[in-house]
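Asker: Listed here are the chains, written in short residue letters.
2 protein chains.
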Amino acid sequence: MDETPIRFGILGCASIARKLSRAISLTTTAVVFAIGSRSVEKAQKYVSANAFIPPSVKLYGSYEGVLDDPEVDAVYVPLPTSLHLRWAVLAAEKRKHVLLEKPVALNAAEFDRIVAACEANGVQFMDGTMWMHHPRTALMKEFVADPERFGSPKSIHSTFTVPADPEFLKNDIRAKPDLDALGVLGDLGWYCTRAILWAVDYELPKTVTAIKGTVFNEAGVILSCGASLLWEDGKIATFDCSFLSNTTMNIIVTGTVGTLHVDDFVIPCVETSSSFLTSTKTRFSELGTEWKPLPSEHVVTNDLPQEALMVKEFARLVKGIKEGGLKAESKWPSYSRKTQVVLDRVIESIQRGYESLEVVD
Amino acid sequence: MDETPIRFGILGCASIARKLSRAISLTTTAVVFAIGSRSVEKAQKYVSANAFIPPSVKLYGSYEGVLDDPEVDAVYVPLPTSLHLRWAVLAAEKRKHVLLEKPVALNAAEFDRIVAACEANGVQFMDGTMWMHHPRTALMKEFVADPERFGSPKSIHSTFTVPADPEFLKNDIRAKPDLDALGVLGDLGWYCTRAILWAVDYELPKTVTAIKGTVFNEAGVILSCGASLLWEDGKIATFDCSFLSNTTMNIIVTGTVGTLHVDDFVIPCVETSSSFLTSTKTRFSELGTEWKPLPSEHVVTNDLPQEALMVKEFARLVKGIKEGGLKAESKWPSYSRKTQVVLDRVIESIQRGYESLEVVD
Numbered sequence: 001m002d003e004t005p006i007r008f009g010i011l012g013c014a015s016i017a018r019k020l021s022r023a024i025s026l027t028t029t030a031v032v033f034a035i036g037s038r039s040v041e042k043a044q045k046y047v048s049a050n051a052f053i054p055p056s057v058k059l060y061g062s063y064e065g066v067l068d069d070p071e072v073d074a075v076y077v078p079l080p081t082s083l084h085l086r087w088a089v090l091a092a093e094k095r096k097h098v099l100l101e102k103p104v105a106l107n108a109a110e111f112d113r114i115v116a117a118c119e120a121n122g123v124q125f126m127d128g129t130m131w132m133h134h135p136r137t138a139l140m141k142e143f144v145a146d147p148e149r150f151g152s153p154k155s156i157h158s159t160f161t162v163p164a165d166p167e168f169l170k171n172d173i174r175a176k177p178d179l180d181a182l183g184v185l186g187d188l189g190w191y192c193t194r195a196i197l198w199a200v201d202y203e204l205p206k207t208v209t210a211i212k213g214t215v216f217n218e219a220g221v222i223l224s225c226g227a228s229l230l231w232e233d234g235k236i237a238t239f240d241c242s243f244l245s246n247t248t249m250n251i252i253v254t255g256t257v258g259t260l261h262v263d264d265f266v267i268p269c270v271e272t273s274s275s276f277l278t279s280t281k282t283r284f285s286e287l288g289t290e291w292k293p294l295p296s297e298h299v300v301t302n303d304l305p306q307e308a309l310m311v312k313e314f315a316r317l318v319k320g321i322k323e324g325g326l327k328a329e330s331k332w333p334s335y336s337r338k339t340q341v342v343l344d345r346v347i348e349s350i351q352r353g354y355e356s357l358e359v360v361d
Numbered sequence: 001m002d003e004t005p006i007r008f009g010i011l012g013c014a015s016i017a018r019k020l021s022r023a024i025s026l027t028t029t030a031v032v033f034a035i036g037s038r039s040v041e042k043a044q045k046y047v048s049a050n051a052f053i054p055p056s057v058k059l060y061g062s063y064e065g066v067l068d069d070p071e072v073d074a075v076y077v078p079l080p081t082s083l084h085l086r087w088a089v090l091a092a093e094k095r096k097h098v099l100l101e102k103p104v105a106l107n108a109a110e111f112d113r114i115v116a117a118c119e120a121n122g123v124q125f126m127d128g129t130m131w132m133h134h135p136r137t138a139l140m141k142e143f144v145a146d147p148e149r150f151g152s153p154k155s156i157h158s159t160f161t162v163p164a165d166p167e168f169l170k171n172d173i174r175a176k177p178d179l180d181a182l183g184v185l186g187d188l189g190w191y192c193t194r195a196i197l198w199a200v201d202y203e204l205p206k207t208v209t210a211i212k213g214t215v216f217n218e219a220g221v222i223l224s225c226g227a228s229l230l231w232e233d234g235k236i237a238t239f240d241c242s243f244l245s246n247t248t249m250n251i252i253v254t255g256t257v258g259t260l261h262v263d264d265f266v267i268p269c270v271e272t273s274s275s276f277l278t279s280t281k282t283r284f285s286e287l288g289t290e291w292k293p294l295p296s297e298h299v300v301t302n303d304l305p306q307e308a309l310m311v312k313e314f315a316r317l318v319k320g321i322k323e324g325g326l327k328a329e330s331k332w333p334s335y336s337r338k339t340q341v342v343l344d345r346v347i348e349s350i351q352r353g354y355e356s357l358e359v360v361d
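Heads up: the sequence lines are chains A and B, in that order.
Each residue of the first sequence is one higher than the one before, starting from 1 at the first, in full-length UniProt numbering.
Each residue of the second sequence is one higher than the one before, starting from 1 at the first, in full-length UniProt numbering.
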């Protein structure tokens with residue numbers, strides 16, 4: 001196979017793109033090839049301040065410039081959510097593979113148009129949910145998929161909160177209705193929802209009910225909210241997400257015979273070593289004073305950070321299409337879509353006064 | 001002060017009473033003095049099988065026998081919830097201090113009659129929520145009460161599940177409508193609710209909304225349920241409790257500047273050493289790849305198990321009343337009552353199709 005790395009174009013100068021540029025630089029199979037901003041000067045300034053972008057990078061004073069460059073294989077799109085539909089669709093139409101930041105769109109209907117464009121043009125779609133690519137996630141999945149150690153899921157809870165300073169709450173794109181109208185739900189709630197779907201093998205719930213107590217900013221953007229989900233077979237999940245609390249990021253998955261705990265699922269506390277806790281068939285000592293057996297801690301070490309593993313996986317799929325004639329991997333847009341479908345129902349439930357809504361897919 | 005230990009009478013031969021008998025035997029300030037069962041033979045059999053009960057124990061073929069014994073200072077009442085009102089009130093009327101298993105009553109109105117009887121007769125009331133007396137709980141409380149390390153609470157979650165075998169689900173008192181009509185909510189949900197109230201300094205929520213997905217047994221007793229709580233100031237809490245999942249018992253308290261995690265709050269994994277996790281002012285490394293600072297693990301060692309510490313505290317209060325002319329400590333019935341008030345609303349919300357209900361106290 002060709003040893004040429006996958007050439008990434010980046011649309012915009014979002015701060016998250018610095019993290020992804022470093023991730024790309026840590027792989028041998030991808031390279032930051034072009035950056036497009038609203039002006040060449042802005043792109044130049046961004047590159048100068050970003051040690052992980054190679055000096056050879058091509059600079060464009062527009063996003064179109066990147067999309068029109070025939071040498072660009074794929075684009076990373078960290079633009080505000082309201083711009084995803086336009087730029088992701090255009091990228092696909094220009095036959096660029098699309099790595100799109102989350103939330104993938106303002107709603108599932110918009111996202112379907114992005115997926116349709118990707119499918120029509122034979123390009124890979126993946127969203128930027130980095131923790132999906134951590135080897136710890138694969139090991140946790142082995143646990144929750146194991147009938148002996150875990151059984152079947154019965155209840156799931158996820159909290160993801162990151163405190164925002166007052167400036168952010170007024171001016172960050174994630175708090176502006178015309179840019180990221182989904183607010184904290186699209187930003188942090190995305191991860192909770194994905195974690196819940198991940199735990200149940202992406203089976204959509206039957207109903208979604210927002211939890212009373214949503215906090216909005218003056219512009220009407222959600223700063224704090226939560227929801228409960230119920231499946232056909234009776235399993236339940238709850239989550240809460242907020243810009244108003246200290247950083248907290250956990251998943252608790254309780255199954256018929258086992259339990260999984262992880263307290264740093266989105267961004268591991270330490271980049272190359274992380275852990276999770278499991279217990280199986282937990283009983284108590286004869287008088288009910290101690291656990292038998294004790295929970296187990298599983299430590300996972302990884303050479304590359306999860307965002308580099310995400311880039312590697314994306315580049316591998318792109319290479320397979322580009323050079324191996326393979327088809328795009330459909331599980332990634334499917335996971336994105338289901339996550340978005342649930343978020344849509346949470347928003348709607350909030351709007352309807354916390355009504356329980358059926359999830360119709 | 002008199003060195004005579006507080007003389008306990010135990011009503012009934014519940015298996016939990018074995019744990020409490022051991023706890024009493026571990027203290028120097030209390031002793032199991034009498035046991036009442038429906039027959040002397042049953043009480044004798046129970047004592048023979050229970051190494052922690054001194055051979056000198058007095059046996060009664062009725063609960064009244066224990067209550068009529070002038071040498072009995074206090075009673076431990078682990079009877080089914082439906083019998084609490086009758087026996088706790090009678091015990092108080094006979095001037096016995098009352099250590100009552102949870103849930104304290106079938107509803108708050110019943111509980112108020114128990115408290116009224118205790119107050120009228122100047123006896124101490126305490127419920128059997130053992131983890132309240134663990135030194136870890138005091139340290140966790142210091143954390144959540146600290147404006148520097150924790151700030152103020154914004155969201156709380158608690159899961160408490162213990163798997164029951166099919167036999168239990170049909171025949172255990174906690175699954176029979178005429179004995180423990182509150183089912184898993186009164187048994188395990190009691191602890192979740194108490195943990196949530198504990199975290200917010202026992203401020204009652206404004207509304208309580210049960211979470212869709214309650215599971216009942218054939219007799220209509222709840223085997224699995226959950227609820228969300230909302231306070232006047234916007235903080236929220238969720239919990240879920242179940243007899244249908246592996247043992248799980250956690251509290252996550254997310255505050256404005258800190259977070260508390262504990263995964264074995266009701267019964268610590270190990271009797272004399274336990275831990276909890278805190279984080280404060282958690283930020284990320286410059287590229288958002290690691291936590292700064294890392295969470296802290298706090299290890300707590302204790303000589304006596306939490307149930308013995310509960311007995312010690314109860315005995316101390318009883319001694320203060322009996323010998324020191326002190327008044328009963330009112331915080332304990334107050335915590336019990338608030339817990340019961342929330343449980344009442346959860347039940348009512350389930351009955352009313354998951355309606356949000358105001359908490360009127």
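Note that these hints are calculated values from the structure, not bench results.
Check each hint, because a few of them may be wrong.
It does not matter which identical chain is meant; a pair holds if it fits inside one copy or across any two.
Calculated cross-link-like contacts (lysine-lysine; reagent style PhoX-like; alpha-carbon spacing at most 25 Å) [said to hold, decoys possible]:
(1) K58 x K292
(2) K338 x K206
(3) K141 x K312
(4) K206 x K281
(5) K281 x K42
(6) K292 x K327
(7) K338 x K212
(8) K170 x K141
(9) K281 x K170
(10) K206 x K312
(11) K45 x K58
(12) K42 x K212
(13) K212 x K292
(14) K212 x K45
Asker: So, for every hint listed, does it hold in this structure?
Answerer: Hint-by-hint comparison with the structure:
When the C-alpha separation of K58 and K292 is checked against a cutoff of 25 Å, the pair qualifies neither within a copy, at 60 Å, nor between copies, at 34 Å. With identical chains, the CA atoms of K338 and K206 are at most 25 Å apart within one copy only, with a shortest distance of 12 Å there and 34 Å across copies. Taking identical chains as interchangeable, the C-alpha atoms of K141 and K312 lie at most 25 Å apart only when both belong to the same chain, with a minimum of 20 Å there against 45 Å between chains. With identical chains, the CA atoms of K206 and K281 are never at most 25 Å apart, being 29 Å at best within one copy and 37 Å at best between copies.
Neither within a single protomer nor between protomers do K281 and K42 lie at most 25 Å apart by alpha-carbon distance, with minima of 57 Å and 33 Å respectively. With identical chains, the CA atoms of K292 and K327 are never at most 25 Å apart, being 49 Å at best within one copy and 41 Å at best between copies. Taking the closest pair of Cα atoms, K338 and K212 come within 25 Å of each other both inside a single copy (23 Å) and across two copies (21 Å). In the homo-oligomer, the alpha carbons of K170 and K141 never lie at most 25 Å apart, since the shortest distance is 38 Å inside one protomer and 33 Å across protomers.
For a Cα distance limit of 25 Å, the shortest separation of K281 from K170 across copies, 21 Å, qualifies, whereas the shortest one inside one copy, 48 Å, does not. Proximity of K206 to K312 under the C-alpha cut-off of 25 Å is found in neither arrangement, the shortest distances being 35 Å within a copy and 49 Å between copies. Taking the closest pair of Cα atoms, K45 and K58 come within 25 Å of each other only inside a single copy of the chain (13 Å); across copies the shortest separation is 87 Å, beyond that limit. Taking the shortest Cα distances, K42 and K212 never come within 25 Å of each other, neither inside one copy (43 Å) nor across copies (51 Å).
In this assembly of identical chains, the alpha carbons of K212 and K292 never lie at most 25 Å apart, being 38 Å within a copy and 32 Å across copies at closest. In this assembly of identical chains, the alpha carbons of K212 and K45 never lie at most 25 Å apart, being 45 Å within a copy and 52 Å across copies at closest.
Violated hints, in rising order: 1, 4, 5, 6, 8, 10, 12, 13, 14; the structure is consistent with all others.
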